[in-house]
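Participant: Adding 18 to a residue's 1-based position in the sequence shown gives its number in the working numbering.
Don't read these hints as lab results, they were simulated from the structure.
Everything numeric in this text was worked out from a predicted model, so none of it was measured.
Treat the hints with care, since some could be wrong.
[Stated by the list, open to error] Below, simulated DSS-like cross-link-like pairs (lysine-lysine); rule was C-alpha separation at most 30 Å, straight line:
| id | residue 1 | residue 2 |
| --- | --- | --- |
| 1 | K403 | K293 |
| 2 | K33 | K274 |
| 3 | K86 | K53 |
| 4 | K23 | K293 |
| 5 | K162 | K176 |
| 6 | K193 | K107 |
| 7 | K284 | K427 |
| 8 | K23 | K284 |
| 9 | K83 | K107 |
| 10 | K176 | K86 |
| 11 | K112 | K193 |
| 12 | K83 | K53 |
| 13 | K33 | K47 |
| 14 | K367 | K76 |
| 15 | K86 | K76 |
| 16 | K76 | K107 |
| 17 | K36 | K274 |
| 18 | K330 | K367 |
| 19 | K23 | K86 |
| 20 | K130 | K176 |
| 21 | K86 | K47 |
| 22 | K312 | K274 |
| 23 | K427 | K76 |
| 24 | K107 | K33 |
| 25 | K427 | K403 |
| 26 | K447 | K463 |
| 27 | K54 | K83 |
| 28 | K274 | K284 |
| 29 | K274 | K293 |
| 30 | K293 | K193 |
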Amino acid sequence: FLGLKNLSIISTAQKIIKRTYGVDVDLSKLGLDDKKAYELLARGDSTGVFQLESAGMKRYLRELKPSKFEDIIAMVALYRPGPMSEIPKFIARKHGEEPVTYYEDHMENALKNTYGILVYQEQFMQISKEVCGFTGGQADTLRKAVGKKKIDLMKKMKGEFIEGAVKHSNADRGKVEAFWEHLEEFANYCFNKSHAACYALIAYWTAYIKAHYPDAFMAALMTADSDDTDRLAIEIAECRSMGIEVLGPDVNESFKDFAIVPHENKIRFGLLAVKAVGGGAVDAVLNARKAGGKFTSILDFAKRVNARQFNKKAWDSLIMTGAFDQFGTRSDLLFNLERIQEYGSKSQKEALSGQTDLFGFAGAEDMRVESSIELINAPKQHTDKERLTWERELLGLYVSAHPLDRYVKYFEEQTQPLSQVQPNTDGQKATIGGIVIDVRTIITKSGTKMAFV
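The whole structure should be built from the sequences, with the hints applied where relevant.
Facilitator: Dropping the structure here:
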């Protein structure tokens with residue numbers, strides 16, 4: 019089911035909201051007329067909103083300016099290859115820019131909520147009963163014929179439909195015949211309203227949460243897409259456009275998943291999103307922090323976090339992605355890592371054994387650990403470029419900065435965003451900006467070289 023992922027996002031967002039703000043968001047009690055949710059959709063700020071986040075849909079939402087739940091249902095049903103051509107007419111009629119007309123006057127009752135446009139299966143079933151005098155069984159047979167493109171059955175029912183409309187409602191034969199022709203085209207894309215309404219409800223819920231708790235929604239969205247760096251890049255850009263800062267991992271603020279920094283309009287990377295940091299290592303960090311509070315230094319971290327669960331790979335990855343930046347430079351911490359690990363391991367062994375001079379056990383002198391060790395400055399500090407490369411390798415993308423930040427003004431003036439390169443510009447030249455991170459060369463069937471950049 020397409021909505022399962024989004025229901026998971028909603029559930030995660032609810033938990034974040036409860037944990038951070040102490041608010042229970044009960045969607046079962048939520049009305050369908052929330053002003054902020056519709057304003058968000060009218061702006062086209064629908065990245066992450068179920069069924070409504072494509073570039074084309076955003077453009078139509080800005081034109082439509084949905085103001086009621088029926089509008090969302092209709093857009094879900096219309097935004098598909100067949101009926102998409104009806105969207106401009108739907109928008110124009112909603113705003114009174116085009117008169118609302120009906121295929122035949124007797125069909126108004128079934129089509130008035132969609133401004134005279136046939137959108138759902140239920141509408142032609144309603145027309146068949148109200149205008150043509152069909153029974154419920156006949157209407158359902160018509161639905162099956164249209165929905166499953168049963169040509170022979172549709173030919174048989176065509177006469178029954180047209181004659182029924184003329185006899186039962188004194189409808190205009192020519193107009194009913196024209197409607198039937200449209201219905202035959204509709205068979206290629208018919209969508210039932212109940213299905214569209216279910217999708218629209220999930221879309222509305224996600225829009226509501228994004229409008230009222232944008233930080234919690236985006237944190238939940240990024241958690242769901244934590245293994246998809248292409249999606250994460252889009253979502254981080256969305257956060258920035260919303261004024262939400264996305265920060266790298268931090269051993270004192272991060273949780274397993276993406277989480278918000280309370281009342282600061284910031285989101286922290288989850289520890290599980292860092293490559294080579296497994297669930298056991300994350301649990302070790304969170305358990306130690308829960309038991310003893312925030313870590314005060316790199317040595318405090320080494321003493322308190324279970325060394326058997328938190329291995330060297332986890333150390334390397336978290337240092338290189340900046341999770342320990344408050345305790346020293348990444349270069350210095352990496353240079354001293356072996357000593358830091360040894361200090362932590364010995365501290366934990368001593369605490370576990372309980373061997374001290376007080377008891378005079380043999381070997382106690384060897385087990386005693388210095389209360390602290392002094393870190394040595396690394397002979398050379400890594401460059402910004404190297405640190406950003408680490409982030410991209412271990413997080414999948416750049417977070418703290420971007421190698422092209424210094425060229426933003428140039429790109430704005432000289433290049434075109436990929437999102438603005440539309441299919442109808444095929445064959446035209448476009449200048450884009452970016453970093454080449456990989457080139458794969460192949461030999462085509464004709465023997466020529468072709469590269470994927």
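Participant: Next step is simple, just say for each hint if it's right about the structure.
Facilitator: Going through the hints against the structure:
1. A C-alpha spacing of about 19 Å is found between K403 and K293, which places the hinted pair at or below 30 Å, so the restraint holds.
2. For the hint linking K33 to K274, the alpha-carbon distance of about 13 Å falls within 30 Å, and the restraint holds.
3. Between K86 and K53 the CA atoms are separated by roughly 10 Å; this keeps the pair inside 30 Å, and the hint holds.
4. A distance of roughly 23 Å separates the Cα atoms of K23 and K293; the hinted pair therefore holds under the 30 Å criterion.
5. For a cut-off of 30 Å, the pair hint linking K162 to K176 stands: about 14 Å separates their Cα positions.
6. Annotation: proposed proximity of K193 to K107 holds, straight-line Cα distance about 19 Å (limit 30 Å).
7. Proposed proximity of K284 and K427 is supported: the alpha carbons are some 25 Å apart, at most 30 Å.
8. Between K23 and K284, the direct Cα distance comes to roughly 24 Å. Compliance with the 30 Å bound is thereby established for this hinted pair.
9. Restraint check for K83 and K107: the C-alpha separation of about 14 Å stays at or below 30 Å, so the hint holds.
10. At roughly 35 Å between alpha-carbon atoms, K176 and K86 are farther apart than 30 Å, so this suggested pair is violated.
11. Restraint check for K112 and K193: satisfied, since their Cα atoms lie roughly 23 Å apart, inside the 30 Å limit.
12. Restraint check for K83 and K53: satisfied, since their Cα atoms lie roughly 12 Å apart, inside the 30 Å limit.
13. A hinted pair counts as satisfied when its Cα atoms are at most 30 Å apart, and K33 with K47 qualifies at roughly 17 Å.
14. As the CA atoms of K367 and K76 are separated by approximately 59 Å, the hinted pair breaks the 30 Å bound.
15. Restraint check for K86 and K76: satisfied, since their Cα atoms lie roughly 17 Å apart, inside the 30 Å limit.
16. The hinted pair formed by K76 and K107 meets the criterion: a straight-line CA distance of about 17 Å does not exceed 30 Å.
17. Pair hint K36 plus K274 holds up; C-alpha atoms about 17 Å apart against a cutoff of 30 Å.
18. Restraint check for K330 and K367: satisfied, since their Cα atoms lie roughly 18 Å apart, inside the 30 Å limit.
19. Between K23 and K86 the CA atoms are separated by roughly 25 Å; this keeps the pair inside 30 Å, and the hint holds.
20. For the given pair, K130 sits about 24 Å from K176 by alpha-carbon distance, which is consistent with the 30 Å threshold.
21. Between K86 and K47 the alpha-carbon distance is near 17 Å, which keeps this suggested pair within the 30 Å criterion.
22. For the hint linking K312 to K274, the alpha-carbon distance of about 16 Å falls within 30 Å, and the restraint holds.
23. Distance check on the hinted pair: K427 and K76 sit about 26 Å apart at the alpha-carbon level, within 30 Å; holds.
24. Of the supplied pair hints, the one linking K107 and K33 is violated, its CA atoms being roughly 41 Å apart against a limit of 30 Å.
25. For the hint linking K427 to K403, the alpha-carbon distance of about 20 Å falls within 30 Å, and the restraint holds.
26. Distance restraint check for K447 and K463: the Cα-Cα separation of roughly 26 Å lies within the 30 Å cut-off, and the hinted pair is therefore satisfied.
27. Pair hint K54 plus K83 holds up; C-alpha atoms about 12 Å apart against a cutoff of 30 Å.
28. Between the alpha carbons of K274 and K284 the distance comes to roughly 16 Å, so the proposed pair stays at or under 30 Å and holds.
29. The suggested pairing of K274 with K293 holds, with an alpha-carbon distance near 13 Å, which does not exceed 30 Å.
30. At roughly 64 Å between alpha-carbon atoms, K293 and K193 are farther apart than 30 Å, so this suggested pair is violated.
Checked against the numbered hints above, the structure violates hints 10, 14, 24, 30; every other hint is satisfied.
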